[in-house]
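Participant: These protein sequence lines are chains A and B, in that order. Here my numbering runs 406 ahead of the position in the first sequence, where the first position is 1. Here my numbering runs 406 ahead of the position in the second sequence, where the first position is 1.
Since the hints were derived computationally from the structure, they do not count as laboratory data. A portion of the hints provided could be inaccurate.
For chains that are exact copies, the list does not tell them apart, and a pair is met inside one copy or across any two.
[Stated by the list, open to error] Under the rule of at most 35 Å between Cα atoms (straight-line distance), these lysine-lysine pairs were calculated in the DSBU-like manner:
| id | residue 1 | residue 2 |
| --- | --- | --- |
| 1 | K641 | K732 |
| 2 | K446 | K545 |
| 3 | K545 | K440 |
| 4 | K462 | K414 |
| 5 | K610 | K641 |
| 6 | K643 | K617 |
| 7 | K715 | K414 |
| 8 | K643 | K545 |
| 9 | K617 | K732 |
| 10 | K440 | K462 |
| 11 | K492 | K462 |
| 12 | K414 | K545 |
| 13 | K465 | K732 |
| 14 | K617 | K440 |
| 15 | K617 | K581 |
| 16 | K492 | K446 |
| 17 | K663 | K641 |
| 18 | K663 | K582 |
| 19 | K732 | K643 |
| 20 | K492 | K715 |
| 21 | K465 | K446 |
| 22 | K610 | K663 |
Number of protein chains: 2
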Amino acid sequence: MNIYDIAKEAGVSISTVSRVLNKKENVNEETRLKVEEVLKRYDYVPSGIARGMVSKSMKTVAVLTVDVRVPQYARIAYTIEREFSKRGYNVQLCNTGGDLEEAVQYLDIVTGKQVDGVVLVGSIFNRIGPDERVASLLKHTPVVVANGQLDLPNCYSVLVDDQLGISLAVEHLYKKGHREIFYLKDMDTDSAQRKQAGFLETMKRLGLDGKAHIRETMFGLQGGVQAVEQLLDSKAKVSAIVCGEDLTAIGVLKGLKRAGIRVPEEVAVTGFNRSEYAQVCEPELTTVDNKAELVGRLSVQLLETLIQKEEHYASMVVQPELIVGKSS
Amino acid sequence: MNIYDIAKEAGVSISTVSRVLNKKENVNEETRLKVEEVLKRYDYVPSGIARGMVSKSMKTVAVLTVDVRVPQYARIAYTIEREFSKRGYNVQLCNTGGDLEEAVQYLDIVTGKQVDGVVLVGSIFNRIGPDERVASLLKHTPVVVANGQLDLPNCYSVLVDDQLGISLAVEHLYKKGHREIFYLKDMDTDSAQRKQAGFLETMKRLGLDGKAHIRETMFGLQGGVQAVEQLLDSKAKVSAIVCGEDLTAIGVLKGLKRAGIRVPEEVAVTGFNRSEYAQVCEPELTTVDNKAELVGRLSVQLLETLIQKEEHYASMVVQPELIVGKSS
DNA sequence: CTGTTAGCGCTTTCAT
DNA sequence: ATGAAAGCGCTAACAG
Numbered sequence: 407m408n409i410y411d412i413a414k415e416a417g418v419s420i421s422t423v424s425r426v427l428n429k430k431e432n433v434n435e436e437t438r439l440k441v442e443e444v445l446k447r448y449d450y451v452p453s454g455i456a457r458g459m460v461s462k463s464m465k466t467v468a469v470l471t472v473d474v475r476v477p478q479y480a481r482i483a484y485t486i487e488r489e490f491s492k493r494g495y496n497v498q499l500c501n502t503g504g505d506l507e508e509a510v511q512y513l514d515i516v517t518g519k520q521v522d523g524v525v526l527v528g529s530i531f532n533r534i535g536p537d538e539r540v541a542s543l544l545k546h547t548p549v550v551v552a553n554g555q556l557d558l559p560n561c562y563s564v565l566v567d568d569q570l571g572i573s574l575a576v577e578h579l580y581k582k583g584h585r586e587i588f589y590l591k592d593m594d595t596d597s598a599q600r601k602q603a604g605f606l607e608t609m610k611r612l613g614l615d616g617k618a619h620i621r622e623t624m625f626g627l628q629g630g631v632q633a634v635e636q637l638l639d640s641k642a643k644v645s646a647i648v649c650g651e652d653l654t655a656i657g658v659l660k661g662l663k664r665a666g667i668r669v670p671e672e673v674a675v676t677g678f679n680r681s682e683y684a685q686v687c688e689p690e691l692t693t694v695d696n697k698a699e700l701v702g703r704l705s706v707q708l709l710e711t712l713i714q715k716e717e718h719y720a721s722m723v724v725q726p727e728l729i730v731g732k733s734s
Numbered sequence: 407m408n409i410y411d412i413a414k415e416a417g418v419s420i421s422t423v424s425r426v427l428n429k430k431e432n433v434n435e436e437t438r439l440k441v442e443e444v445l446k447r448y449d450y451v452p453s454g455i456a457r458g459m460v461s462k463s464m465k466t467v468a469v470l471t472v473d474v475r476v477p478q479y480a481r482i483a484y485t486i487e488r489e490f491s492k493r494g495y496n497v498q499l500c501n502t503g504g505d506l507e508e509a510v511q512y513l514d515i516v517t518g519k520q521v522d523g524v525v526l527v528g529s530i531f532n533r534i535g536p537d538e539r540v541a542s543l544l545k546h547t548p549v550v551v552a553n554g555q556l557d558l559p560n561c562y563s564v565l566v567d568d569q570l571g572i573s574l575a576v577e578h579l580y581k582k583g584h585r586e587i588f589y590l591k592d593m594d595t596d597s598a599q600r601k602q603a604g605f606l607e608t609m610k611r612l613g614l615d616g617k618a619h620i621r622e623t624m625f626g627l628q629g630g631v632q633a634v635e636q637l638l639d640s641k642a643k644v645s646a647i648v649c650g651e652d653l654t655a656i657g658v659l660k661g662l663k664r665a666g667i668r669v670p671e672e673v674a675v676t677g678f679n680r681s682e683y684a685q686v687c688e689p690e691l692t693t694v695d696n697k698a699e700l701v702g703r704l705s706v707q708l709l710e711t712l713i714q715k716e717e718h719y720a721s722m723v724v725q726p727e728l729i730v731g732k733s734s
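Using the sequences plus the hints, can you model the full thing?
Facilitator: If you want it as C-alpha cells, here you go:
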C-alpha cells in the first residue's frame, strides 16, 4: 500500500494525496474528505523512509553513552529522549561501554543513517576527539557533548562545573569543623580530573594540605569499602571522606559500618550525583546534585538550534548544588 | 557527495561503485582498488536512507518502556540495545510513561519509520492490546513483549514467572519459621497481579491466611515507609514483609528502623528485582532476581527470528531465583 | 485546485 | 567484468 494505491482508490493524483497527507491548504474540501476516507479505510501510514529520502532527514538523533544502566546516564538519556520526542524526533540509544572503537563504530553507523544530530553523554567522549575518523564522520552532523568537550567544528558543550561541586562539599565539611578531609578519586575521566582539581583548590584556599589527602580507588561499592580499609590500616586521622561518586560513598558507608565507626558522628561522608542511591542508603547521603535533567534539557535545546542552523550557538556551564543528607 | 560523484571520479559506473560498496565478488581487482581509493579519499559513506528505500528496512528496532530511569527497565533496554547492535541493528528508545496515548503515538511514529520490529518492555503494555489502532499499526511489524502479553498476530512474549518469584520468597520465610507474613502490593500492573496471586497461592498451600495479610501501598520508598506505619498502627502481629519491588522494601526497612524494629531479628523483609538498590541499602536485601538481562537477550533472539521470518516462534517463560541477603 | 514530472541515492535486474 | 536503466515511495516544482 503506497501513495499510488491510495491515489487510484480515491480517483485523484498522488500530488493531491500528498497534499492531504501534509495538510496543505490548497485542496478542495470535498476532495480532501474523499482522500481522507480512503486513507482511513486502509489505515495508511506514509513511508518515513521515502520521506527521509526527499527531506534528507529521518527526524532522528543518536545518543551515545557509556552504559544506560548507570542511573546518572539513564537520567540524562531519559530527559533527552522526552525532550526530543516533544519536538518530533526519535532517539537512537547507543551504549559504547567507554570503548573508543565501539564509539567510532556507532558514529559510523548513525551518521550513515543520516541522523540529524548526536549527543555524547559523559566526559569520557573527550577521548574520541583526537581520532581522525571522528572528525571526518562528524563533519556534517551537529554534536553536543553533555559534560564534555570536543574540539571540532560542529561540537558544542553543556558542561557541569564539577570542580565547584566538590568545592561545595569540602566547604560544607570545613564549616562543620572537619579538617582531616580525604578525597577518594574513583574514576579516570576528565570529569574526575576536574573534581580532583576542585578538591585541591579548595583545600589550599582553606589552608589545608590537599595532596596528602587524596586516595585512589576503584569505582563502586567495592572501591569504597576497600578505600576505607586501607585508610584505617594506614592509621591516618580521618574526619571526613569526599567521594567522586555516590556509589563509592556508599561503599565507604558500608566499610565504616563494618569497622564500627559511626557516620556522621565520627566520620562524615559525601557523594556525588544525587542518585537515588543517596536516598536508599543508611544514613542518607550528603551529595552533589549535578543536575542531570537540566543538562539533558539544555543539550536538547542546544542541539536543536544547531540542527535548525539558527545563529548564535554557545556552550554552557551548569552549576551543581549541594544536597545535605544525614551522612555529614 | 553521492554514488554518482564517486563513480565519475573513479571513471566507472554507479553499478560498479555499488558492487565495491557491497563487497560483491564480480569486480576486477584493479577496478576495485581504484574505486576504494576514491571512496577513502572522500570519506564516503553511502546513504542509509537511500539503502533503506530499496531494502525497505533501516535496520532499526524500537524499544518502548515506561521509563528508562527505572533500573529494571534500564537493564533490559541496555541488554536489548547491545544484542541488537551486535546483529547490525540500531535501537530507538521510547519512554511512554505508562500512558496509553503516548504509547500509541510512539507506535504510530516508529512504524511509520518502518522499524523492523518492536519490543515492549513491561506488563503495562498489556493494556494497549484492546486499542484498535494498535492492532492496525502493528499489523506488519513483529513485536515481542518482555514480561507481558499481547493477543495480536505478530506478538510473542518473554514472560517472567512473577508468581513463582513471590512463592520462593514466601517459602523461604516460612522455612525460617515466619508465619505472620504480609504482602505489600505496590503496583497495579498485570505483573503485580501475578505476584499477588503467587502470594495467595503459596500462603494457602502452607496453610496460612493470605488474604488477611495483603496491604496496598504506593510504589517506592514513601510507599514502604507509610505501609510500615500503618501496619504498626494496626497492632497486627508482623514477622515478615514481602514486597513487590525492591524500592518499596527499602522503604519498609527505613520505616522499621525509625520504629526501632530490628531487621531481620524482629521482622524479615524481602524485595523484588535484584536491583542495585538491594546491595546499597542496610541491611542488604533478600530479593528475587527476575533475570532482566536474560529477558533482554531472549527478547532479542525471538524478535530476530520474527524479523527474519524464520519458522517456529514460541513465547517463553523465565524462572526467577531467590537471592538471600541479610534482611531475612 | 489538481495533475505531470523530475528527482532524492541507492540496489538490482538485464544486457553486453 | 561492467554499464544502462528501472524502481523503491515520497515531495516539490511547474503547468494548466
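Participant: Any hints this thing doesn't respect? Which numbers, in order?
Facilitator: 8, 13, 14
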